[in-house]
Amino acid sequence: MAYGNLSDTRSKEIFSRRAILIGSAQVAGFGLLAGRLYQLQVLQGQYYAPLAENNRISIQLLPPVRGRILDRNGVVLARNEEQFAVSIIPALTADLSETLKRISEIVPLSKQTQQQLLAKAKKHGTNRALVAGDNLSFQQIAAINVLAPQLPGVETQTTYRRRYPGGKSMAHVIGYTGDVSSRALDDDPVLRLPGIKVGKIGVELGFEDRLRGRAGRRKFEVDARGRIIRDLEMRDAQAGDDLRLTIESDLQDRVMSRLTGERCSALVVLDVNDGSILSLGSAPTYEADRLTGRLSKQEWKELSDGKDHPMFNRATRGLYPPGSTFKMVTALAALEAGVLDSKEKIRCSGRYSLADQSYNCWKRHGHGAVDLNRALRESCDTLFYEVANRTGISKIASMAYRLGLGQTYECGLLLQKKGVVPTPDWKRWRLNASWLDGETILAGIGQGYVSATPLQLAVMTARLATGREVVPCLTQEKKKQRTRFKKLKINPKHLSAVRAGMLASVYEPGGTGKSVQIAGANFSIAGKTGTSQVRANSTKRKAGQLEWEMRDHALFVCFFPVNRPRYAIACVVEHGGSGGKTAAPLVREVIKDVVDYDRKASALKRSRKKSKAKVEG
Amino acid sequence: MADFLFTDGRSRTLTEKFARLNWTLLLAIATLVAIGTVSLYSTADGSFHPWAEAHALRFIICAGLAITIALISPQVWMSLAAPIYIIALIALALVPWFGAEAMGAKRWIGVAGLKFQPSEIMKIGLLLALACLYQKIPADKISRPRTVALALLIIAVPVVLTLRQPDLGSAVLFAVVGLAVLFAAGVSIWYFLAGGGGVLALGPLIWSNMHAYQRQRVETFLNPEADPLGAGYHIIQSKIAFGAGGLGGRGFMRGTQSQLDFLPEKHTDFIFTMIGEEWGFMGCGLILMVFALILINLLWIGLRAKSSYARLISFGTGMVIFTYMFINMAMVTGLVPVVGVPLPFVSYGGSSMVTLMVCVGLVMSAHIHDNVRLDRSGARAVW
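These protein sequence lines are chains D and Y, in that order. According to the working numbering, the stretch in the first sequence is residues 1 to 617, in order. According to the working numbering, the stretch in the second sequence is residues 1 to 383, in order.
There could be a bad hint or two in this list.
As the list claims (entries may be wrong) - Calculated lysine to aspartate or glutamate pairs in the DMTMM-like style (CA-CA distance at most 20 Å, straight line):
hint	chain 1	residue 1	chain 2	residue 2
1	Y	Lys141	D	Glu13
2	Y	Lys306	D	Asp8
3	Y	Lys141	D	Asp8
Hint data in this document are derived by calculation from the structure and do not stem from the laboratory.
Bound conformation, chain Y alone (with noise of 0.2 Å):
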């Protein structure tokens, strides 16, 4: 620790340190959790037994996981960053070789029995270069082309990668999350003008390279009932549970369409149906307040950072839950297309609650930390 440079001379104790974890951030994404698990309970026909007990148990390790993370200074994090998305990048380019197939599309690596897919240890290799790019850049030179080609590098790269496997729902994140800090961290309004008129020149090319699966989810997005027992079943049938639960909901443990399996994956992407069809329209709200508080939450501590890193990694973050709840409650809406994209906190699933605790982990690091000077002279060195 002796190399740390402290603005107030001296490092803070353990005590101060937890003093200062965001407990509000923390205790607003237990509610969702605890949510999470009543809703499982109801889905596994009123019992803790496979999902409910197993989502509560790795909140609270994944909880631990984010305190530790917190705990330890934003420097290692950062001297971190390369090395975190440099193994992603590598892990998710061996995908097509060493992954394991799933619904159509190879997304998983096993390692020593272990699976887990590169794709979520990108999302945080990516918001950590990101945020170290433009900490160790100087204000002024962040909208030269240099720079700007490399940070676009930064994220295109993950984004093919993943688009081949093809994960459409990761490569969306990237692409958002990523765009997203770039915009935040000030680079030229101009660029995402230019930006914006190239998408619009190149979609009919994109749209002629996309696969048929994808090319049939937006179509099937475009008119559900036109097949209502082909790809549009998932959405007519979500779109009728959230109706029949009403103003109130139909009552924990009574949503037919649930619970007699109309919708589909309702423990993962469809949790949100299920609880539109028991809670009605009263508890969607609440989960949209509470995610309402989070990101507030989150831009709060952004805005008050002393640096760029925290600034971004909390911005982001923020971006990635605001990304993840907007596509998966769209979707389960029949606002966008059908993507493979979980709720986060509430879904069921080891990965992505493991890969968002660690978000908020370093976001706490850098708020507990902002009487840590970060380093921007060191930039060359590391890039």
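If we strip away everything but chain D, and leave its shape as in the complex, we get (with noise of 0.2 Å):
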């Protein structure tokens, strides 16, 4: 027993002190537990506290329904139709694989797109709604309504799809929308949610600020698998604004059927007064509804590359060479610097000479002795070469500015070309190159480097009709706000003078306009043809054997009636040939429209004026 209490003794010690070795070194491991939750706890319990508070409060955005489009009378061209759509967030469904079979029964789900939802939730993870179909009927979505409390994770959405009823001869005006690109974020959070769309081109995009309309806020408690415990703040989305436009939509109608007869065509119809756009046509077009669907790779090629253009607004993008609509301009540039006198005569042999070159009249053999009333009406080239000679370059180019030519205007019609008003400044800085003086020459008839687009065309019939600063306008709300445009301070005189010539062209034999003419009609028109050269082709031209890619192109400006003007009109038919034959008798059809519907807005504004007379009598 001695051994055994010895050898108990000696344990016992060892034990004693190896035990409280380990207890020390677990009061360390007590130390290190309570430094480390007072380091989480008190020292960094600031930095924690915002960050649980975060992972609880959720904030969802709620898309804001973008505002109509309209036409001047409230036709609509652009409208929301409502869309139900079913998805499913897997993490909150019992069994994915069942609830899409459930589904299935509603909405027809194919084996192969349940895999391919199944795959997707495994890939995405479990908390992403997955989109099991959208387009659905609102009797389908009704079934799934009464299903859904059987079926939790299961979600119905009314999403919108952008409509435009207005079809293809509204799309070149309106435009479309399409998804948010990465390059137009800007600060609104509403670009971020997910299926937003945003004004591609045309209104939709000039006035994407006033259609978007404000996101509306929901913030609400979460629990960790992002279910909505309760709401703690709602603040509803704010629809986008309603915008009128100054558009006519039955004379568009009109005008683009007349149009599509053409190739490649376009055609401005404005109001002189307020320069209001009624018309704003361009072919070939598009179907925008096509746009907002779902499109293939192969069909959107087609429409952005095929051919002739089809999404190519030749109204304000197409730049062509005015030719002898140009010949205003260079008429005004010289009556005001006094240079030449409107009962001057100036002889046409045919061509014009300078230095060693010679220039020709269309007319081979000349006109003869010609003064500004007749070059107008003949469209005479070898005065205007002669006078643009006289004027120089830049009185031609700052008379140009002021009738609208090289600008662009703010209507609300983004992505406009500026055109081209030759200066020597403009040539030095473009193409590096001094100005040569057959360069004024050929720019007094329009040619050369001067190019126009047919709304800047018409901006510069309705600034010679009025004598005012005419800019135009898309929405009838500018319309109103405006104050009547400025004076361009020409001299009456000489403006008269030059509608004079406009008017010859029209009526008076030998005008190269009178196919404008209408029969029987109580107003008169002043217009001006024009035939624009593509390319030197003189040998080839009088055959009438040319590719449609070398003909010239047809223009053709007016405006009426012509002792109160109105309207202005301008067209171009691409490759059209000839101003008179193409280009005139189309703008024939496109005034009997608008007298038409001049027609019809006075009787309006006549009954509308007589009613309110009845309510205040």
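Using the hints, put the two chains back together into the complex; each one sits in its own frame.
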């Protein structure tokens, strides 16, 4: 027993020593834990507390409904079509494949689609919503809503698809909407919403700010799985404004149907008094509805790069040499500069020589002695060669600017082309070459470097008609804000000399624009043809066997009624041959349409006035 | 009882035994269980169902079990040491064939409709086996290579078996507690120094043999923010919860992190996080103090014990509780990788409660019966 006792004492000693040693190690462990807790809770508590708050609170943006677009009479040109979609949040479902099976009883989902959705859920994690079907019928959505309580994680949503009842004839004005490109991201949180669409072109783009509206905000408490516990704050989304355009949809339809008779053409109808654009046509055109749905790459390529580029808006972006329609500019510049008297006669022999170069008049044997009136009427080139030479390029250019060329207008139509009003400075900057006198001669008849869009030509015509600084506008509201346009400060005598020339061009013998005449009309039209050369091809031109691409552009500008101008029209038919033969007859038909519209509008106005008077009486 | 040997020549009566029960220890444990019950009530959104009432009920049953064990002589438990250890070993070995899978690991075995974890029985078996071994080996033979090898084998077999399940938490526990018991039993310090050096050298080898998910845990631990929605999510959310708790806590049932399910397994392994959020640094400090009280109590029992068995069983139980507590708290505060280890007496879970209370019962049994002479010479007969 003694041995055992001794042994016991010894192991007890060792145990006590070692147990206390380990005990101290445990004390260190306690210290470590306490220190860590102190660090997390007391020292860094300020840092973590807000994180817990952020965890808890989730903010959902509510998408605004995009504003509609209406024509001047309230006809809807762009609206939102409700679409119903069903989505599934896999994390909330009891069994995803079972849920899919149940849904497929209402919304047909092929086995393959179901497999794809299951694979997607696996790939993206179970918290991301899967769209099981969109474009559902009302019956389907109702059936799913009835089932929803039995199917956790299944949600139905209302989305909107943009629809364009105006169809093809409105596409170039209205444009269309599409997904937000990363380039277009601004500070608006709306743009980060999935499925949100923004204007891509046309009015949809130009008035994006007004149409978009403002996002609503729903603040709620969530649990770790993102399930909503309760709402904390709610601010409804603010729908975008409805936008009323100056376009008259009936007139636009008619204009477009006339334009589509030509391969590529553009036409603009302006109200010269308030600048409102009544019609803005460009052919060929496209169906904007197609672009808001699902579009294959192939279809997109066809539209954007296809034959004649149907998505290209020729009225605002097509640049054409204005040709003889530019002669009014040259004439006014010369009259204002005092280098030409409206009665002065110049001899046209069919060719004009300057330095070693010679320039042909379109009439090879010449017009004989012509004054300004006759030169405008018969579109004699020689007089304008001489006049341009006398006036000089800088004065011609500044008159072109005053009449609205070489600039874009703030009217909500974005991406307008500026065109070219050439000056020596421009040439140096653009081509790094010095100005040649011969280029002034060519500019005098709207050839050479000069280019303009149909919209600019319409504005130019409106300014000639009114003598005021007409600026186009596209919305009713802007039109109302406007006071009368400023005067151009051009001598009225000079203006009326030019207008007289335009009138003669339509009504007097030898006038190039006679085909615009409307028999039995109680108003008169002042117009000017333009046939602008695409390239030098004098030998074949007469033969009439030119390839389409080589033919001249046909232009026509006009305003009416002459004694009290109200409308201005500019028309370009690409490779149409000649202004008098192709563009003028087309414009004649459009003028008839405008007259129809005018009659209806004034009848409406009268009846409104009458009813208003009745109410007041 | 006739063959028991009593140092004072007589057996204690049942009343005397009751009086000698470690009531302080039981009270401290009951305090932890009470805190656990309150937290489980909050976890269940202010409901005793499903966890709080079961937790309290389990404790009452387990406390009865512990007291019953305490009233039985340690000689009985010593004689059961080898069978318990061997049964646990066989069960552990059978897990891969009969075990039910949960969370990617097979740990449970079902017998007659009851599910149990062999690794829990092994905790009792290992403690008993080691305490018995050193009770029966004379102090001067403890450091003999043969004895040390036997002790290491007793530890190593369950470690290997649980690692294979894979159950990293239990394996770590067996290794840490087993080695600590060897150390306390008086095994020469040189073995430990040599062993420590060996581990340092073998470290890379262990790393290469780890499961992908185990490595992932270690990597996640080293940089949890690198993968905030993956494996590091739990740790980040847990740290946020502690931080949000601050000094005084957000109040009972007011912890948004826990109430809104940002915490994983908040009724078991992450219950301390929830307490940290709702009761703050003060609440956590209180829990630490109660644990300290329990450990001091166990150490005190060990220091005053008259046999190696009593010393090692109380020391080993203290070591089990400390290791569980330390790994759990260090895990939820982001000090060590996520290892599935519950917080003793606080976390919901039957297995660990039973295991721990059986150990406490064994400690109290040794303490009550400190007048019983335990035999050393019988070592050869058992082993």
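Status of each hint after checking the structure:
Using a Cα cut-off of 20 Å, the hinted pair Lys141(Y) and Glu13(D) holds, with the two alpha carbons roughly 16 Å apart. The straight-line distance between the Cα atoms of Lys306(Y) and Asp8(D) is roughly 8 Å, inside the 20 Å bound, and the hint therefore holds. Simply put, Lys141(Y) and Asp8(D) have alpha-carbon atoms about 13 Å apart, close enough for the 20 Å limit, and the pair holds.
The structure fails none of the hints (numbered hints given earlier).
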